[in-house]
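Colleague: The chain contents come next:
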Amino acid sequence: MLPMALMNGLVMGVIYALAALGVSLVVGIMNVINFAHGEFYILAGYFSYLFADTLGLNPILSMSLAVGMVFLFGIVIEYTIIRPTYGNHMYSLILTFILSIVLQNAYLLIFGPYPKKPPGWVKGATNIFGDFCYGNQRLAALAAGTVLIVAVFLLIKKTWFGRMIRAASQDREMAELNGVNTALLNTFSFGLGCALAAAAGVVLAPVFPVTPTSGVPVALTAFVVVVLGGMGSMWGCVIGGLILGLVENLGAAFISTGYKHLFGFIILIVVLAVKPSGLFGSRET
Amino acid sequence: MSYKRFYVILFLASGLFCLLPLVLDLYRLHVVIVSLFYVMMAASWNLIAGYTGQVSFAHAAFAGIGAYTSGILTVKAGMTSWLGVATGTLTAGVTGLGVGFLCLRMGGIYLSLTTLGFSEILRIIITNEYDITRGTMGLQIPPMIAPYSKAVHFFILLAGTLLTLIVVYKIIHSNMGLNFRAVQNDERAARSLGVNVIRVRVLAFAVSSALAGLAGAIYGHYLMLITPEIPSLDLQFFVLSMAVIGGLGSFAGPIIGSFALTILSEYIRAYGEYHVLVFGLVALAMARFAPQGIMGLARQFMPASGVRQ
Amino acid sequence: MKNPKVKLLFLLFTSAVILAVGPAWANTVKVGVVGPRTGGAAATGQAFDEGIKLAINYINNKGGVLGKKLEVVFEDTAGAPDKAASGFERLVTRDKVVMVVGESHSSAALAEIEVANRMKVPFIVAEAWADPITAKNYEYVFRAGPSNSGVVNETIAKWVAHAGFKKAYIVAENSDWGLGIAELTEKALIALGVKYEKLTTERKSQDHYTELTKIKEFAPEVILAYVYGDGLHFFVAQAGELKVSPRAVILDGAGPPSLWPDFWKNVGEYGNLETFVSSMHEKVELTPLAAEFRTMYEKEFGKSPTDYKSRSIFDAILIAADAVKRAGCTDADSLVKALKKTELEGTRGIIKFGTTPGGPEYHQWMPPMLIIQWQDRNQVVIYPPKAATGTLKR
Chain A
366 MLPMALMNGL VMGVIYALAA LGVSLVVGIM NVINFAHGEF YILAGYFSYL
416 FADTLGLNPI LSMSLAVGMV FLFGIVIEYT IIRPTYGNHM YSLILTFILS
466 IVLQNAYLLI FGPYPKKPPG WVKGATNIFG DFCYGNQRLA ALAAGTVLIV
516 AVFLLIKKTW FGRMIRAASQ DREMAELNGV NTALLNTFSF GLGCALAAAA
566 GVVLAPVFPV TPTSGVPVAL TAFVVVVLGG MGSMWGCVIG GLILGLVENL
616 GAAFISTGYK HLFGFIILIV VLAVKPSGLF GSRET
Chain B
3 MSYKRFYVIL FLASGLFCLL PLVLDLYRLH VVIVSLFYVM MAASWNLIAG
53 YTGQVSFAHA AFAGIGAYTS GILTVKAGMT SWLGVATGTL TAGVTGLGVG
103 FLCLRMGGIY LSLTTLGFSE ILRIIITNEY DITRGTMGLQ IPPMIAPYSK
153 AVHFFILLAG TLLTLIVVYK IIHSNMGLNF RAVQNDERAA RSLGVNVIRV
203 RVLAFAVSSA LAGLAGAIYG HYLMLITPEI PSLDLQFFVL SMAVIGGLGS
253 FAGPIIGSFA LTILSEYIRA YGEYHVLVFG LVALAMARFA PQGIMGLARQ
303 FMPASGVRQ
Chain C
6 MKNPKVKLLF LLFTSAVILA VGPAWANTVK VGVVGPRTGG AAATGQAFDE
56 GIKLAINYIN NKGGVLGKKL EVVFEDTAGA PDKAASGFER LVTRDKVVMV
106 VGESHSSAAL AEIEVANRMK VPFIVAEAWA DPITAKNYEY VFRAGPSNSG
156 VVNETIAKWV AHAGFKKAYI VAENSDWGLG IAELTEKALI ALGVKYEKLT
206 TERKSQDHYT ELTKIKEFAP EVILAYVYGD GLHFFVAQAG ELKVSPRAVI
256 LDGAGPPSLW PDFWKNVGEY GNLETFVSSM HEKVELTPLA AEFRTMYEKE
306 FGKSPTDYKS RSIFDAILIA ADAVKRAGCT DADSLVKALK KTELEGTRGI
356 IKFGTTPGGP EYHQWMPPML IIQWQDRNQV VIYPPKAATG TLKR
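Line order of the protein sequences matches chains A, B and C. Per our numbering, the very first residue in the first sequence carries number 366; after that it's consecutive. Per our numbering, the very first residue in the second sequence carries number 3; after that it's consecutive. Per our numbering, the very first residue in the third sequence carries number 6; after that it's consecutive.
Just so you know, the hints here were simulated from the structure itself, not pulled from any lab data. There's no promise every hint is true.
[As the list claims (entries may be wrong)] DSS-like cross-link-like pairs, simulated, lysine-lysine; straight-line CA separation at most 27 Å:
#: 1; chain 1: C; residue 1: K357; chain 2: C; residue 2: K163
#: 2; chain 1: C; residue 1: K203; chain 2: C; residue 2: K221
#: 3; chain 1: C; residue 1: K270; chain 2: A; residue 2: K488
#: 4; chain 1: C; residue 1: K248; chain 2: B; residue 2: K152
#: 5; chain 1: C; residue 1: K221; chain 2: B; residue 2: K152
#: 6; chain 1: C; residue 1: K141; chain 2: B; residue 2: K78
#: 7; chain 1: C; residue 1: K163; chain 2: C; residue 2: K125
#: 8; chain 1: A; residue 1: K488; chain 2: C; residue 2: K248
Please model the complete structure; the sequences and the hints are all you need to start from.
Modeller: What follows is the structure in structure tokens.
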């Protein structure tokens with residue numbers, strides 16, 4: 366029981382972290398909580414299904430295309446809907462909340478109610494330490510998730526684009542004075558945030574097929590991770606994601622499977638009551 | 003506008019409403035009753051969202067607390083519906099006080115996320131404790147007054163709506179209401195003027211939650227069936243859309259929004275399973291291009307100050 | 006917020022005007038259908054849509070009912086009890102239907118029968134299995150479909166005994182159907198002397214690794230899975246990954262999810278040797294009408310029928326039309342009288358409602374159910390023996 370729960374916690378933790386990184390990026394730079402984050406995750410799952418299954422393209426190509434298209438879609442959404450809401454929490458929350466419901470129902474119209482599962486990358490299961498069997502696709506998702514997280518860290522910490530992002534999220538006006546085009550940066554970061562949701566989506570869709578409403582728990586979990594880790598902190602997302610994954614799965618194994626997702630929200634409330642800035646957060650809004 | 007004129011108009015309007023059961027068939031009366039429930043919800047949500055600028059995602063959850071408290075007490079403890087509704091309202095108010103106390107000192111995104119978390123916790127508990135709540139299966143409860151009659155419930159909901167509107171009106175025209183606006187317009191300035199920002203918000207939140215509890219409790223007895231759909235994000239979406247489309251921060255906005263959208267959703271329902279999509283698109287277009295809503299006279303939502311640092 | 010007076014009056018008048026404009030009377034006999042078109046079981050809504058279309062054509066080509074065309078109004082319940090109750094009411098008060106048929110969610114049906122009973126509208130339940138639906142013995146409520154006790158006692162328990170399983174695991178979703186059928190199964194297993202354990206799971210859950218680890222520790226020979234919808238696909242796929250199956254045979258206690266178009270995509274090879282309950286087999290036909298239904302279906306939709314719920318709703322509408330014809334009017338009490346005397350060939354046999362009050366058999370007709378196993382992607386009937394086209398493989 367214990368090794369299985371730990372393994373599950375690790376896999377889910379990495380996926381949570383990946384999904385939360387996108388939320389965190391957008392919060393850090395734009396101060397906008399994207400309520401429709403989960404719907405971008407789902408959209409990528411659908412695209413990946415469409416390309417790989419319906420059109421029969423190569424899975425890796427399909428996944429890249431899916432992430433690319435969600436990135437573009439994110440940019441369109443930023444341009445048409447998010448842009449006028451800068452600096453107004455309430456307005457952006459309301460708009461993205463409505464957007465999430467609209468997208469869910471649009472998916473139902475377009476893709477139907479059945480779960481859609483892109484083809485898996487690997488088949489079968491591996492016997493781990495001769496102790497328990499574990500699905501190979503989940504192990505692959507763990508590996509892919511880890512690689513993607515490392516890539517995001519390199520992008521933010523080591524590149525010129527990353528420096529701009531960090532500058533803008535620390536002091537927006539200062540960055541503007543130094544010649545950073547923050548409007549363009551916002552658009553691009555929002556797209557990137559959506560692309561990260563998409564990356565989590567294409568990695569996980571072969572394990573958990575997508576349905577029109579299955580993005581909701583993903584987004585909620587990502588919010589919990591972001592608050593737990595501290596708004597805008599990247600390390601916070603990774604540690605927060607892992608903690609949440611482990612707590613949920615240990616809780617499910619030893620306390621109650623029905624209450625699995627309750628643990629996360631209790632953590633959320635406790636963190637907000639005790640240390641609202643989260644584990645790694647430096648500032649309070 | 004003076005208090006007197008407000009009451010005259012309110013009672014005149016409700017007098018006209020009293021004639022409705024005579025002229026409407028059961029289906030249309032049902033639509034009006036549902037609209038009244040949404041008026042109670044949207045008007046009380048408006049009290050926090052519109053007047054203090056805090057987006058709570060737990061308003062439907064508080065309606066759920068009211069409905070389930072009253073429902074469980076009447077079914078399992080044999081309490082009368084009236085006492086059940088009163089207890090439900092009180093429970094929602096007290097819980098609102100607690101949640102408000104916990105997260106209103108941060109405000110903004112934190113409040114939204116906490117209320118979201120709270121609403122999920124409630125949903126998970128209701129779904130899992132099916133021995134008591136019957137989970138997603140729904141708990142069948144007695145009507146407010148047996149034998150069941152739509153007209154009688156119409157009058158009860160009308161009375162509840164009147165009460166809600168009067169409470170909301172009184173609050174926004176009291177000193178507390180003035181404080182709300184001061185807080186919303188400029189938090190730091192208000193604080194420097196000696197307004198206790200947190201206390202004002204917590205109070206508004208508790209009152210608003212109690213009113214949601216009242217609405218949920220009465221509505222539950224009208225439906226005679228309570229399910230986790232009452233404390234759900236879907237219901238929250240409807241309430242939010244109604245307030246936004248009607249006009250946040252205006253008194254009549256949520257009333258108009260509730261009637262307009264309830265009737266609209268009844269009509270587009272005829273076009274098949276995608277009525278929620280149409281509804282959502284209307285709400286999205288309104289919120290994006292006419293953020294002041296139908297009322298069109300609401301102020302700018304929230305000044306940029308206090309958000310950027 | 007300048008002057009609410011104008012707005013309040015404006016609001017009052019607009020609402021009054023809008024509400025005053027209503028749908029005009031049409032010269033048809035209207036039958037209402039309730040079922041999920043959205044939500045987790047929206048696939049059932051699609052199956053219902055297909056069955057409705059065929060039933061309307063079938064009846065109207067034969068001259069309709071009472072010299073009028075039959076019209077069907079389909080109200081979405083989203084599988085939610087509250088929407089079901091208000092949708093049912095809407096059919097009666099707005100559309101003025103003479104009878105309501107359908108439903109596939111027990112929880113929704115339990116809310117709807119209260120409305121049917123209160124508003125005195127005949128209601129034929131098609132595919133909601135919970136016992137109390139007919140066990141409440143409401144005068145206006147009928148069921149032309151399986152009940153939990155019927156499925157468990159007539160089919161599942163007998164199959165468990167027939168196959169000689171000694172250890173079983175019951176997995177139930179937390180709905181009226183899941184909890185109800187799990188309890189009946191427990192009783193039946195105790196009577197059979199089969200060792201068992203039981204757990205309850207959340208209908209929407211996607212991750213069953215933890216539950217499956219618990220199941221694996223018990224090492225059952227058969228898993229009776231009462232989980233509807235996508236949840237079942239996840240369960241079957243993950244049971245395969247964890248090597249719980251095929252050591253243990255999984256039985257899908259509902260049926261349709263194992264036949265949904267994406268079943269094989271979602272479960273892959275782990276779907277092989279899975280078994281499920283069904284009232285329809287791709288090759289076996291029980292009545293001449295069933296063969297006719299298949300021909301009509303293939304002509305209309307260009308594919309063969311899979312989800313047996315398209316046939317259930319087809320039958321239910323036929324029963325309704327038949328009752329109206331025999332009653333000669335649309336008065337509710339005459340319709341109930343006519344329904345009680347139903348003796349009609351459907352796609353699943355001769356339909357005749359039970360008349361002994363007291364139990365769930367009252368106003369209920371139980372169609373014969375089969376247990377089918379997927380063997381190399383072919384459906385093989387393994388129970389009852391007289392209909393069997395093969396034997397259980399493990």
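Colleague: Does each hint fit the structure? Answer for all of them.
Modeller: Outcome of the hint check:
no.	hint	verdict
1	K357/C - K163/C	24 Å, holds
2	K203/C - K221/C	13 Å, holds
3	K270/C - K488/A	13 Å, holds
4	K248/C - K152/B	56 Å, violated
5	K221/C - K152/B	53 Å, violated
6	K141/C - K78/B	20 Å, holds
7	K163/C - K125/C	38 Å, violated
8	K488/A - K248/C	13 Å, holds
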